[in-house]
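Residue numbers (numbering that gives the first Met the number 0), protein chains in the order written: chain A, 0 to 219; chain B, 0 to 813.
Don't read these hints as lab results, they were simulated from the structure. One should not assume that every hint holds.
Pulled a few chain B residues facing chain A out of the computed Cβ check, cut under 10 Å [to be verified]:
| # | residue |
| --- | --- |
| 1 | Ala21 |
| 2 | Met32 |
| 3 | Gln33 |
| 4 | Thr49 |
| 5 | Ala52 |
| 6 | Ala155 |
| 7 | Asn707 |
| 8 | Gln711 |
| 9 | Arg752 |
| 10 | Lys754 |
| 11 | Ile758 |
| 12 | Gln761 |
Don't be surprised by glycine CBs; every beta carbon is placed ideally from N, CA and C.
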Amino acid sequence: MSKGFFIDTTRCIACKACQVACKQWNRLPAEKTVNQGNLQNPSDFSFTTYKLVRMNEAIIDGKVHWLFFPDQCRHCRVPPCLLWAQNTDAIYQDKDTGAVVYTSETQHLKAEDIIGVCPYNVPRRGKDGLLAKCTMCNDRVKNGMEPACVKACPTGALNFGDLQAMRAMASERLAAVKQTCPDASLLDSNDVRVIYLTAFVPQKYHNYAAAFDAKHRRTR
Amino acid sequence: MTNHWNDLKNSDCILVMGANPAENHPISFKYVMQAKDSGAKLICVDPRLTRTAAVADIYEPLRSGTDIAFLGGMINYILENELYHKTYAANYTNAQFIVNEQYGFDDGLFAGFDPEAKRYDQALWAFETDSRGVPRRDVTLRHERCVARLLKKHYARYDLKTVSKITGTPEESLLAVYKTFAATGEPSKAGTVMYAMGWTQHSKGVQNIRAMCIIQLLLGNMGLSGGGINALRGESNVQGSTDHALLYDSWPGYLKVPRDSHKTLAVYNENNTPESLDPLSVNWWQNYSNYSVSFLKSMFGENATPENDFGYAWMPKCKDGRSYSWWRLFKAMYHGQVNGFFAWGMNPAASCGNITIIRQAMTRLDWMVHVNIFDTETSDFWHGPGMKPETIKTEVFSLPACTWVEKEGSITNSGRWMQWRYAGPKPLGESKDDGQIIIELGDRLKSLYAEGGVFPEPIRNLKWDYTTDGHFDPHKVAKAINGYFLKDVTINGKHHKKGTLVPSFSLLQDDGSTSSGNWLYCNSYTEEGNKSERREQQDAANTIGSYPEFAWAWPLNRRIIYNRAAVDLKGEPWDPRRWVVRFDGKVEDGKYVGGKWVGDVIDGGGMPLENPDGTVNGGGRHPFIMRAHGVGQIFGPGLKDGPFPEHYEPLESPIAENFMSSQRRNPLLRYSEKRDFPSRADPRFPIVCTTYRLTEHWQTVTRAVPWNLELQPHVFVEMSHELAKMKKIKTGERVLVESPRGKLECTAVVTHRLKPMKIVDQTVHQVGIPWHFGWRWPSGGTEESVNILVATTTDPVSEIPEYKAFMVNVSKNS
């Protein structure tokens, strides 16, 4: 059954339980980080950081907002990275769940091309030339469990299930949020399995939050 | 908490003030979000726009240390607009009580102040009483000295303009908060407050919370589902620790520690047993001696007899009028008056205010025993910054303790829920369960004292049977805490066998026939089993998320305390939709002739105050059963710094005077004028500094955990863009923050979430620094504790340090 996420950023409190749960499940080491002058760390995805809560201040209509965006691979329905690689030993899409999975064969791909073709600037290269990103916890999902990040989230910002159910949840929540936030939208909801709801225009959260900029009608 | 975590979801309006639950209690936000889903409004008042403020419906800033002004303004707003719950205030609070004619308040001081002793004579705040000692009331509220009148007079001074002037919060912002929260004064609406150290860690900390209690009593929110006063404890079991008397001034269950002048048990009990001749007042503390004697029996077992005052002489006493709190302990240590010190699961060399003094104090110890899961700034104080190890004679013993997942026992959360926990993996290496360490220590002490020692009786006579197969057995301790019948007894026609567990504290006796290590926990581990192990998923009949068979709550598994105030005088819920308790009465001729309370465990039994026909029911009871007069205290004569909260500036403040009165600081504050601290608006230290915690770290512990350190690697100072520009500081740059106590190097986080405040014609800047750090971890030693900057002033009642408001300066680190 085709799976998906609905990520409601209006419920995110940037607790980063998702960030740490991902590290714990995937046994990823901590990076040596430096405070860049804000509360977000690490500052970007890396070979050992697949899930990252982006924290951005924005002044909208004269009011200060602190916007949180728990970023991850979108597991696109038609993944540009997969198409570009043309090597299903390296990048393949799980027929059941739809997860876009990278293997150690990614060492044979040209990393900057794979990263460049991703609308969301997600995959990252390790020292040994391998590429890595969120796995959709495919191992957990195929054993009837939800992804580690979703399980850890206390507020219901992260939701996971059958893609149809997630889309329905997203639409319902969008209608509710739009009542107070007219610029609320679902990001690229037809193209991705990880559907984000933002209260304000996506660029306020992160430059790569959306591939399709609805306002200016352009795609990255 | 008067309520509990799950109950937050039932609120119509959640005020977060003096707290930051999104960051420090993130799991609670599950329930806050559910409340919002149901239409609740979330209000956040904080010097900074925090992660809680980021998701709030209303966020307003305030100058750190001005909470009483802010709340005083809300009290004034509620009274002026008559938004209080009239029946509730009249019947369930002391609003109608008449205060004696000696009471007064003038220019920041209440009647009875002795400026030399820095103390009030609280007798001048007493109520007028009738011949039975029951306070006199004026039901018309016209008497000039009835509490309602005194309240109105006191808070009329907290008009919008004055409050805005003090807090720096714009008038329309104050109104937005007041209007939204005060709407919960409507009888079927419930508003709650989530508060934490942002209220307690001030030199007026206790009065901060008192101000909110007054608001909640006026609005009729105490006892209601979605209402109450919800203190967010800072540690998963600190509620348990205070329940079980970790603080020097209490015995378990908040009994009082004896004073020197209480020479006998009888004198001690008498001094602590309040009296009330009001037949409608339950006055639960009248049972005090049942609990104190049962406690002594749990300590000394068969060695405690009526003849030896149940071993009362073997319990430590405090000198009259003396405090032995945290800061006093370290002061004594600093002056060489303490030889040995157990730092057990705590890290004072990072967590205490003015840590330079603390660390110096440690050099004067002969020995220290450090029980912890890691090395800390405390165990390693002797080779910390500025220390010369060759000159320090302290011998430090490190006893490795195992972590919470490696041991079995209970924790009690903020909502008073006692939950049993099990051991997962076995302790690593040589580390041990704290309980096991205490057992081995106690065994060794007992065998040493068996052969002699000064005053050996307390140790020799201590009941010490808490092991199974030589190992610490938490079940034995939990049962001892619950308590036993020590002989066969018959109470109210029911027979209880010797050696069985006591099912309720109402059965505890003061004749030595029962024991209980903590009367509050009597009912937690009975012949039915360990109730804290329960995990039943069934909700109660009132379906408000109480889950009465999930774990166990004190007292007697009551989930919402003061729930008697959640019904009207006839026993009908104010809020039928989220009812807590209800009286299912048997009615004859318009009068209750019997019946029972359903829903939550009722506070104090008895009947409703009125019959269905409106006549008085003699079996009725006042709702606030822990108070001698049975009502909630709007006027609170029992607190030593005042019966009404009054705004004073923090010890260190950016402005030259207090706009409320000429009394600049809490009049009970003791501080040395000779010490170098900023007096009035000192230009050397013009910036207000506050300290707080983050989601990413927990206390001073997690810096040793790579995944946590990755999230927040450095100590930082949050400052406004305006301040950064003034100081030519760029975000991410290392800067210096300085106070008279010390200097801290940290990373600048320049943010829009802090803004300069206009206090009259003065611009006041505020900065904030998290306190998780210390030189020991990360091991590079560059991230020091912010407590190097904090002063040693404290709240006069609780003696908690004023970590939340002190003065600093910020500069580039050149």
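Outcome of the hint check:
1. Ala21: The hint holds - Ala21/B has a Cβ within 10 Å of chain A, the shortest such distance being about 4 Å.
2. Met32: holds (5 Å)
3. Gln33: holds (9 Å)
4. Thr49: Thr49/B check passes; min Cβ-Cβ to chain A is 8 Å, inside 10 Å.
5. Ala52: Hint on Ala52/B: holds, closest Cβ of chain A at ~8 Å, below 10 Å.
6. Ala155: violated (33 Å)
7. Asn707: With a closest approach of 8 Å, the Asn707/B hint holds.
8. Gln711: Status holds, d = 7 Å.
9. Arg752: Holds. Min distance 6 Å.
10. Lys754: holds (8 Å)
11. Ile758: violated (20 Å)
12. Gln761: Since chain A brings no Cβ nearer than about 23 Å to Gln761/B, farther than 10 Å, the hint is violated.
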